[in-house]
Amino acid sequence: MVDIKKLKELSKNFTVLYVEDDSAIRNFTTAYLGKIFLKVTTAVDGVDGLEKYKAEKFEIVITDLSMPKMNGLDMIAKIKEIDENQAILITTAHADSGNMLKAIRLGVDGYIIKPFEYEQLNIELYKIVERLNIFAQNEQYKKNLKQMVEKKTLEITQMMLFKNDNYEKTLLSMVEMIEDRDTYTAGHSKRVAHYCKIIAEQMGYSEEECTKLYQAGILHDVGKIATPDAVLLNPKSLNEIEYTLIKEHVEVGFKLLDHIPMFESLADIVHSHHERYDGRGYPRGLSGDEIHPLARVMIVADAFDAMTTNRIYKTRKSVEEALDELVRFKLHQFHPEVVDGALIALRDIKIDETISQIPRTKLEQERFAYFYKDRLADTYNQNYLEIILKKNSYEKEFTHIDVFLLNNFSKYNKEVGWNTGDEFLHSLGAFLSDYFKESLVFRVFGDDFAVLSKEKMDLRDLKMKLDSMMAESCLGYVIKSIEIETNNIHSVFQLEELIN
Numbered sequence: 013m014v015d016i017k018k019l020k021e022l023s024k025n026f027t028v029l030y031v032e033d034d035s036a037i038r039n040f041t042t043a044y045l046g047k048i049f050l051k052v053t054t055a056v057d058g059v060d061g062l063e064k065y066k067a068e069k070f071e072i073v074i075t076d077l078s079m080p081k082m083n084g085l086d087m088i089a090k091i092k093e094i095d096e097n098q099a100i101l102i103t104t105a106h107a108d109s110g111n112m113l114k115a116i117r118l119g120v121d122g123y124i125i126k127p128f129e130y131e132q133l134n135i136e137l138y139k140i141v142e143r144l145n146i147f148a149q150n151e152q153y154k155k156n157l158k159q160m161v162e163k164k165t166l167e168i169t170q171m172m173l174f175k176n177d178n179y180e181k182t183l184l185s186m187v188e189m190i191e192d193r194d195t196y197t198a199g200h201s202k203r204v205a206h207y208c209k210i211i212a213e214q215m216g217y218s219e220e221e222c223t224k225l226y227q228a229g230i231l232h233d234v235g236k237i238a239t240p241d242a243v244l245l246n247p248k249s250l251n252e253i254e255y256t257l258i259k260e261h262v263e264v265g266f267k268l269l270d271h272i273p274m275f276e277s278l279a280d281i282v283h284s285h286h287e288r289y290d291g292r293g294y295p296r297g298l299s300g301d302e303i304h305p306l307a308r309v310m311i312v313a314d315a316f317d318a319m320t321t322n323r324i325y326k327t328r329k330s331v332e333e334a335l336d337e338l339v340r341f342k343l344h345q346f347h348p349e350v351v352d353g354a355l356i357a358l359r360d361i362k363i364d365e366t367i368s369q370i371p372r373t374k375l376e377q378e379r380f381a382y383f384y385k386d387r388l389a390d391t392y393n394q395n396y397l398e399i400i401l402k403k404n405s406y407e408k409e410f411t412h413i414d415v416f417l418l419n420n421f422s423k424y425n426k427e428v429g430w431n432t433g434d435e436f437l438h439s440l441g442a443f444l445s446d447y448f449k450e451s452l453v454f455r456v457f458g459d460d461f462a463v464l465s466k467e468k469m470d471l472r473d474l475k476m477k478l479d480s481m482m483a484e485s486c487l488g489y490v491i492k493s494i495e496i497e498t499n500n501i502h503s504v505f506q507l508e509e510l511i512n
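Positions 13 to 512 (our numbering) are the ones given, in order, by the sequence shown.
Read the hints as simulated data drawn from the structure, not as lab findings.
Worth double-checking, as some hints may not be accurate.
Restricting the straight-line Cα-Cα distance to at most 27 angstroms, the calculated cross-link-like pairs of lysine-lysine (DSS-like) are [said to hold, decoys possible]:
{"hint": "1", "residue 1": "Lys114", "residue 2": "Lys69"}
{"hint": "2", "residue 1": "Lys202", "residue 2": "Lys267"}
{"hint": "3", "residue 1": "Lys51", "residue 2": "Lys90"}
{"hint": "4", "residue 1": "Lys403", "residue 2": "Lys468"}
{"hint": "5", "residue 1": "Lys385", "residue 2": "Lys492"}
{"hint": "6", "residue 1": "Lys385", "residue 2": "Lys362"}
{"hint": "7", "residue 1": "Lys114", "residue 2": "Lys139"}
{"hint": "8", "residue 1": "Lys477", "residue 2": "Lys385"}
{"hint": "9", "residue 1": "Lys114", "residue 2": "Lys155"}
{"hint": "10", "residue 1": "Lys17", "residue 2": "Lys126"}
{"hint": "11", "residue 1": "Lys385", "residue 2": "Lys18"}
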C-alpha cells in the first residue's frame, strides 16, 4: 500500500495534464488528483489535450486512449516529438495488446485498466513522481557541478605554475574535493591507491607505472562529486534509477581529469575502473585485454577494499575471505594475472577494523543524518533507525528502545482531516525530541515513534504529559519498552516482528 502522505509530499510541486472524454470519470478523478498535485489541468480529447500541452509545461500527462477527434496514442506520439522525456500514464478500458504494445514503444511510464481503484492509481503515480524527483535532484547537482569544476580547475591551473615538488599538493587538493562530499570515499581512495601500488610492484610494473597507478587510485572516485547525496549515502540497495546515477561518476571523473593536462595520463585508468574481465562492467563494456593494464589492477584493489571495509549495508570480510572472493571471480570480474599478484601482495595486509562508512564525529553524524530526516515530524526517519541499529550491533552504544504506538490515528484523520493529523504528528515529534534531548527520536511504521536511549528511561512523567496532550481527542497510545541486546534487535524488521 502506498503511503499517501509521502505521495503528496513528493508530488506537491508537480502539475498534471489529465485528458479524459468521459465527463463523470474526468470530474471525479480530477477532484482526487487535486488533493495530491499542485495543479491539475483537464482536457476533453486528444486535440484539446495537445493544445493545452503546447501552451503549458506539465510534469505528468495522464490520458485515456479511446477518445474522439484524436485518440490517446496519436496525442502521445506528438507529445513525445516535443519532449521525449515527458512522463506519461495511460488509462484504458481495453487491455488490447496491440494498443499496449504501441504505448510501450512510445515510452509511456505506466498504465492502469478502467475502472480502476485509487490504490492502483496511487501505485503508478508514486513510481513516476519518485523517478521525477530523483532526476530533478540529479539535474540540480549537474548545474552546480559546472561551477564547482571551473573553480577547482582554476585552482589547479594556478598550482601548475609551481615547481614539480608541488605536484603532491595538487593531488591532495583534488582529494580534498572528495572529502568535502564523503569522508568514507576519501579513506577508500587512499587505501585503493596503496593496494594498487603494492599489487603493481608484485607484478613487476616499473616505478613510474606504480606511481601513476597510485595517483590514479587517489583520484579514481573524484567523479562522485556529481552523485546526489541521497544516492551516495543510501543505506539500502539501489534501485535501477539510482544505480544509473551512481554509475555516471566514472564518466564525470574521466572528463574532469582528461581536461587537466597534469592529470590527463590518469584519465584512461580511472575511466576503466568499473569494467569487468567478462565484459559486463561499465561504462563501455570492455573485456579482457581491452581494459587498460593499470586499470585491471585498480579493479582488483577497489573490490578488495570494498570487501574488507564495513559499509552501511554490509559488514566487512576478513583478508582471507576477500582473497578467496577474488579467486572465485577470477576470469569473470577480475583479470587472472592481477588476481595471482594480489594473492601474494595482499595476504599479509592488516585491515584497520575501525574503518566504517558509518559517520563517527558529531559533525559527520549531523551531516549524514540530514538526508534521513522525516520532514513531517522533524525527527529522524525509519531508514536512519535501520543504520543506527546495524551500527549498534557491534558498538553497543544504545541499550533501550521505547516504541510509542498511536491508537485510532486513522479515525482521528477522518474526524479532523489530514492537515490537522499532520500537525499533530509534527507536534508529537517535536515534543518527544525536546523531552528526550540525550536520545535519538525516529518516526516509524507510518504514525508511530521510536526512541533510542543509552539507558532505561523513567517514563512516568512523560505518560502524564502525553495523556494531557491526547485528552480531548479519540487518540490513545501504548508504550513498549524493549531491551535491545536481550531481544537481539539489530534491524527495523526485528523490531517490528517483536512488537507484532
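Honestly, which of those hints from before does the structure not fit?
Numbers 6, 9 - these are the hints that the structure violates, sorted from lowest upward.
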